[in-house]
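Undergrad: So the chains spell out like this:
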Amino acid sequence: MNNETAAISLSKVNKWYGEFHVLKDIDLSVSKGEKIVVCGPSGSGKSTMIRCINRLEEHQRGTIAVFGTELDDNVKNIDDIRREVGMVFQHFNLFPHMTVLENCTLAPMLVRKLSEAEATKIAMRVLEKVCIPDQALKYPGQLSGGQQQRVAIARSLCMNPAVMLFDEPTSALDPEMISEVLDVMVSLAEEGMTMICVTHEMGFARKVADRVIFMDRGEIIEQAPPLEFFENPQNDRTKLFLSQILAH
Amino acid sequence: MTTTALPISDPATLPPAKSPISWIRDNLFNGIANSSVTVVIVFLMAWLIYSVGSWAFINSVWASPTAEACQSATGACWSVINARARIILFGLYPFEEHWRSALACVAVVVVVFLSCIPALWTVFRLSIVWLLGAAIFYALMHGGVFGLMVVPTDRWGGLSLTLYIFVSVCLIGMPTSIVLALARQSRLPAIRKLAALLIDFVRSLPLLAILFAAALIIPFALPEWLQGDKLGRVIVAFSLFFACYQAENIRAGIQIIPSGQGEAAKALGLNYWQLTSRIILPQAFRNSLPPMINQFVMTFKDTSIITIVGFFDVLASAQAAFGVAEWAPYYIEVYVFVGFIYFVFIFSLSRYGAYLEKRMRVDHE
Chain P
1 MNNETAAISL SKVNKWYGEF HVLKDIDLSV SKGEKIVVCG PSGSGKSTMI
51 RCINRLEEHQ RGTIAVFGTE LDDNVKNIDD IRREVGMVFQ HFNLFPHMTV
101 LENCTLAPML VRKLSEAEAT KIAMRVLEKV CIPDQALKYP GQLSGGQQQR
151 VAIARSLCMN PAVMLFDEPT SALDPEMISE VLDVMVSLAE EGMTMICVTH
201 EMGFARKVAD RVIFMDRGEI IEQAPPLEFF ENPQNDRTKL FLSQILAH
Chain W
249 MTTTALPISD PATLPPAKSP ISWIRDNLFN GIANSSVTVV IVFLMAWLIY
299 SVGSWAFINS VWASPTAEAC QSATGACWSV INARARIILF GLYPFEEHWR
349 SALACVAVVV VVFLSCIPAL WTVFRLSIVW LLGAAIFYAL MHGGVFGLMV
399 VPTDRWGGLS LTLYIFVSVC LIGMPTSIVL ALARQSRLPA IRKLAALLID
449 FVRSLPLLAI LFAAALIIPF ALPEWLQGDK LGRVIVAFSL FFACYQAENI
499 RAGIQIIPSG QGEAAKALGL NYWQLTSRII LPQAFRNSLP PMINQFVMTF
549 KDTSIITIVG FFDVLASAQA AFGVAEWAPY YIEVYVFVGF IYFVFIFSLS
599 RYGAYLEKRM RVDHE
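The listed protein sequences correspond, in order, to chains P and W.
Sequential numbering of the first sequence, starting at 1, is according to this note's numbering.
Sequential numbering of the second sequence, starting at 249, is according to this note's numbering.
Isolated chain W, as found in the complex (with noise of 0.2 angstroms):
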């Protein structure tokens, strides 16, 4: 043997490649317990796929304009989706004005789309787009401008409600949460306990009860001029909800940076604001950018508790769709629809966590 060392390229010293055959033994099929259990999830899965298949897409009618058809159909009833549609993902909005709603929808997709690209990551940028986006979609969902007609909001509905419900609550709730999150952190004894109370007061209370209480009770409470409509109260509420969470989700981020950051960059000389939004937030976003998307992702399967409070979101006003005799036994399909958009919304966003974690991860190696 010579002592020579080899090359890294040198074959003999990479490990072993594996063939697919031998991944496939030595994962699936090694030992007799193994074995049976692999066959029997093929066969589960192979059962499961082809029901499901047969339901769904075999045995299914698509494009019926009525239930007759699907009555001797042993498969989905699709149609009742092309029936009902407008209904599930517009609710109560007045029929001949759904484009508004529609567009609407839009407007609020493409601000979020653009709300995640980097570089309009500055204040000034982000709230061009927010305010623009606000003003956008307000015209087009209430009216009143540009000759169209007025629509109040509890006549919103629909999946542009559950959108707007939810993005009006990240944007009010998340320069909340930061403003709590840091005041929890004040130096202020009186500021840091106030924000501390009022984060505990509100995890504290079901956001049932919350949502319920500024529907119904708060207007008892405040000036007629101070109530706004049902929706706006509703929409801070729940904005104060998920900032309260949000907030100790920043707060755990920034704790766990070590105090060396904060000193190093006051001697340089930068003050709170300069620390605050160059070195200590950036780190703490990273630090808690898993628990803040999942603040997100249940936040938006939440919107559909304002139906308690009398507002028609998607999954409220898919169970109206199938509310008429004619559609009624077709539930399912109409569940599997709103499944499926909910899904499309949630797995963008999580898909969007997964894009800035990995972003952020090659800053720091």
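Next up, chain P with everything else stripped away, as it sits in the complex (with noise of 0.2 angstroms):
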């Protein structure tokens, strides 16, 4: 695989806070359709990999490319990315004082410059893909955790992104309400989505991943297809890791 066909690709990336090495020498290649799920205990720089793919952090060595296009301090590749990349957070961050439909609509407008009649249009079919287009002239404060993350994933799939970066989309959601999200997040990766997820669903990583990522440490320790992942782990991490997310 070279970078020319490789949806995203880290090599050597290095990032610290202050004096914490928190990325260490991380290399990840993605190709297009691919879906990857990263694991890993907590602090461990799951979440700080994938921020650094949209530049909500900055790496401070080593390069990032998305489609061919490099992450460094020009700002026009960054802008162009940010709108090829959708993002899906842990506490949603919808935008509370818009309806769901304007939080939908908002970024096509303003980045994609599409007019309020086809951005609607759009926002309206991926509400339906979603499974709430009923919800949508009320304000995210009104809907459950679960209506709100499927309206966070809808507001980065009007976009029309390239690509999707889940970052614990479920861990803040109450129990009966994931499988909901997960629903979703199935669908969209059998219609052939690119996506990383950073998930402790392992369920979700044996349905869909085509790799799973054991990160420790800032580290990618492990990563193998989930099949030989879940079954046959190598590393020592790993095993204890796998150990003690599944014992209950």
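Rather than coming from a laboratory, the hints here were simulated on the basis of the structure.
Every value quoted in this text rests on a predicted model; they were computed, and no experiment measured them.
Every residue gets a Cβ at the ideal spot worked out from N, C-alpha and C, and that includes glycine.
Worth double-checking, as some hints may not be accurate.
One-sided excerpt, in silico: chain W residues whose CB lies under 7 angstroms from chain P [what the hints assert, rightly or not]: (1) 294; (2) 400; (3) 402; (4) 508; (5) 531; (6) 539.
From these two lone chains plus the hints, build me the complex, please.
TA: Right, here's the structure in full:
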């Protein structure tokens, strides 16, 4: 796999928070249509890594490229990449002062310069896909957590991104709402979306992931297809982690 | 007892309704202490209403053109308002031109009213309203166009001067305060520190000193073409003072916005200005609406400080109104009248603030 065909490629990426070395020589290449699940103990740098991909965090050494566009200090490149990369957050981060529909049409209108009518049409189609078109005129505060996260996914999809990043999308949800969000993610995966998901939902990983990545202390320790990863982990730290999260 | 759930509308599941009598008993007469407090307060209120009412309405003189009729009356002498209203409202403005000052007041009130309508809250529409309003006000007050006699700003006075200063300070101060608040949050250290320094410097000075400096000291420091007239300088200085306080109110509103809001907007590809104008500022205004309205109210009352640099705002004009021997004893009536003017404006302002808060709460729920 070379850089031209890779959707996302990270090579020798390093990042420090002050003295603390959060990412150590991260190498990762994600091809188009590939689904990656990233797991690992908290503080291992999973979120930091995917947040570097759309420059919510800045890496200090190494290169990150999205569809051949390299992330550097060039603002235009950052804008180009953010337009192609959608992101879903643990705490939804919907805009509370806008309706669901306005949340979904804001960026297409401002960034993609669509007309309100076009943006609304796309938004309603996407809201239909996540099964909440009837909530379009409500405010985020009126929705349940699961609905809010589905709106957040819809909001990203309205930008028609080529890649979706999920940063622990179900961690802040009540247990009975996790599956409605995962269902949306599964159907997205089935449509061929390129996805990187930081999640501890191992059922989801088994079902859709092409590759599972285990990170610990800022390093990628192990990566393998899900079957191999869960049945036959190689590294001791991976084994320990799996035994801890699968035990309960 | 059956275990079937009762429908919500079943009267048995609702709290029992209270009759007015039981409400009074529960809230005003529950026990000896509360009952006696209630009785005492009712008597005090009745006495207060009676004495104020008889002074203000029953024993008062309303429409006598001279003060003589008032001398024998035991109540209020409202004739003083009748006789001296023009001084209170228009100050030193030339007598034959008072209609211009009155129309200018109306223009200001219309501009403020229009600015309060959410449908006009776009930069374009508001700028049109404000520019048009300012042009009309200035043409009326200053004259020199359409054959109107020129009235220099040092003869402006009364209510129209108070309104003019208040509205100008708000219109100049609000955009400045937003710029200061954003600058103070800037990622560039030079801009951030400069804004912080300016805000802290201005806040550490009394308004009185700032206005004094603007009126009397700045002319020595600036070249003549930059000085403008005294009123202009005072308004600019007052606006800066207003902006520094308001900027801190806005900053407080910005700081409590979760960082995820900015991250989500950036991840969607919004640039700094889109993020600021569509995500950050609308939420910041919501968050700091009560202290922001408070700042407007304080500014309205602070306009009376301009007397010390030689302007006749509504309060100073009122003092001039009873400053003649004939009406001198009736200063209380004049102050009540001016107090009423302040009350009308400030009460409208706070009701508008309450309306805005309600409107925004509805959005959130």
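Undergrad: Confirm or reject each hint.
TA: Hint check:
{"no.": "1", "hint": "294", "in the structure": "47 angstroms, violated"}
{"no.": "2", "hint": "400", "in the structure": "46 angstroms, violated"}
{"no.": "3", "hint": "402", "in the structure": "46 angstroms, violated"}
{"no.": "4", "hint": "508", "in the structure": "4 angstroms, holds"}
{"no.": "5", "hint": "531", "in the structure": "6 angstroms, holds"}
{"no.": "6", "hint": "539", "in the structure": "19 angstroms, violated"}
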